[in-house]
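Single-letter residue listing:
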Amino acid sequence: MFKARLADPKILKYSIDAVSNMIDEAGVSVTKDGLRLKAMDPAHVALVDLELKKEAFDEFEVEEPLVLGIDLERLNTILKRAGTDQILIQLDSENNVLKIRFKNSSTRTFDLPLIEVSEEELKVPNLDFPSQIEIPPKILSESIKDAEIVSDHVTLMVDEENLFISAKGDLGNVEVKVPKDEAKSFEVSKSCRSMFSLEYLKDMIKASDIADSVKIYLGDNIPVRMDFTTENARLSFLLAPRIESE
Amino acid sequence: MYFEVAPTAESAKKFLEEQSPKSMILIIGDCRVKYRGRAKSFLDFGERLVVIKRDKSIMVQRDTKCEPVNWQPPGSVIEYGCNDEFLVIYAFRNNPPEKMRIEFRKIKMVLSTVLQDYAPLNVVGMETSYVGKIMEDPAIIEEGFHIYKKEKRTASGSIDIYGVDSKGVPVIVEVKRSQVTPLAVTQLEAYVLDLKRKNPEVEVRGILVAPRIPKMVKNLLREKGLEFKEVGWEFELPDEKQKSLLEF
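Protein sequences, first through last, are from chains A and B.
Heads up, the first sequence is in the numbering used here, so the first residue is 253 and it goes up one at a time.
Heads up, the second sequence is in the numbering used here, so the first residue is 206 and it goes up one at a time.
For reference, chain A alone in the conformation it holds in the complex (with noise of 0.2 Å):
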């Protein structure tokens, strides 16, 4: 038995809408602190690590611990259609559905099949991070949009006075500096800089609208490994870096 209700369904759409471009599908670990979904895109290039605590549903009630097996695309296209409406999930273990029902002054319910995955063991890689930078959500998704407009990728570079988010393209360069006043946690042990896809970054920054702040964990040439947080859900994301060319 499972059972939760959100009335505002902000948190889940906004969390699913970052994570489903990358991951097709996933098992969802349902225990009684929440939901949490970790999983690997299929290019092993980004980690999604997402824990909806149960503090963050108005209701929440599960007996024993479940993977439910979820096509994250078809979620996501389900939950476009919440709009502002209280959601209600349950799960329907006869059908092996996931009923998914918006109420507001109709009730919609949509039937969401689950499906098997496969539960591999993922290999996260063990990362020492020389730099810590905490900054509002919105100063790193308006940078990633400047960028996209140059560029397909983006530079991440910290010294000791400033976090700078930079693209260079064929039409032209753009470069964000944000400087250490402006975080809200600054902490920098050496210069560093790495390189990523906007392709994968411009998907992440969609958790931007839920979050209160966004962590960043960047060192030279390794992955990045971004925190999104709120009071009750965390959506971690960890990228591979691109090689910069000469």
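Be careful, since some hints might not be right.
[Claimed, not checked] Below are the DSBU-like pairs computed for lysine-lysine, each with C-alpha atoms no more than 35 Å apart in a straight line: (1) LYS458/A <-> LYS305/A; (2) LYS432/A <-> LYS446/B; (3) LYS218/B <-> LYS290/A; (4) LYS375/A <-> LYS218/B; (5) LYS290/A <-> LYS270/B; (6) LYS458/A <-> LYS357/B; (7) LYS434/B <-> LYS454/A; (8) LYS442/A <-> LYS446/B; (9) LYS270/B <-> LYS454/A; (10) LYS397/A <-> LYS355/B; (11) LYS270/B <-> LYS420/A; (12) LYS397/A <-> LYS381/B; (13) LYS375/A <-> LYS381/B; (14) LYS375/A <-> LYS357/B; (15) LYS420/B <-> LYS255/A; (16) LYS290/A <-> LYS401/B; (17) LYS381/B <-> LYS305/A; (18) LYS397/A <-> LYS446/B; (19) LYS351/A <-> LYS446/B; (20) LYS454/A <-> LYS420/B; (21) LYS397/A <-> LYS338/B; (22) LYS420/B <-> LYS351/A; (23) LYS355/B <-> LYS351/A; (24) LYS434/B <-> LYS332/A; (25) LYS397/A <-> LYS434/B.
[Said to hold, decoys possible] Below, a sample of chain B positions facing chain A; criterion: calculated Cβ distance under 7 Å: (26) ARG306; (27) VAL336; (28) GLN447; (29) LYS448; (30) SER449; (31) LEU450; (32) PHE453.
Keep in mind the hints are simulated off the structure, nothing from the lab.
Every residue gets a Cβ at the ideal spot worked out from N, C-alpha and C, and that includes glycine.
Based on the hints, put chain B in the right spot on chain A.
Then chain B, alone, in the frame of chain A:
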């Protein structure tokens, strides 16, 4: 495999006319290339490799880089001639109008070979590009498949790929990237019926393409006179500069 080393233009022409298009052709020699079409280009004499495949695609390769310096896609018209002791290869197509003319002044070798290649298909690429991969290489569906349009609208929705087979029979292709449910069969059937509604007499083929298709769905497809093709999608990094998380 047949080859001639240092043939004259006349004997190379004869060789090519005999061997093409049933074999794949390689020509190595000193040539110049003129191209006129969407752009105009001229490449003066230099030693290059020209490859003419059985599908009548042609490309000129230099001794570095992957990309050919000049090429024409499958289905081009290719003719051979001789002109002042030069071997001349014309490759052209009408839509869009493009002409390529390669003139060899010295030929090191011509070679023809038939490649026996029946390996199962593996398509690589990002998840969103399956339809794109088929657009690039319609032979993924089957030999001789020709694509007219992607995302063709019908009353029941939008067809992923619409084309004709080697016999000119209309083919509707529905591509699924992951889990295939009976719903996909219904969808494909609806598209086929939409097309038949306009022309009840005409034969229309419907093919469902997915990495793996459950037995139950296969049976359902057979029952409805539809076809399927399992294509083993393989995932690869978007490009060589993108690192994978598994490297860390």
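Violations among the numbered hints: 3, 4, 5, 14, 16, 19, 20, 25, 26, 27
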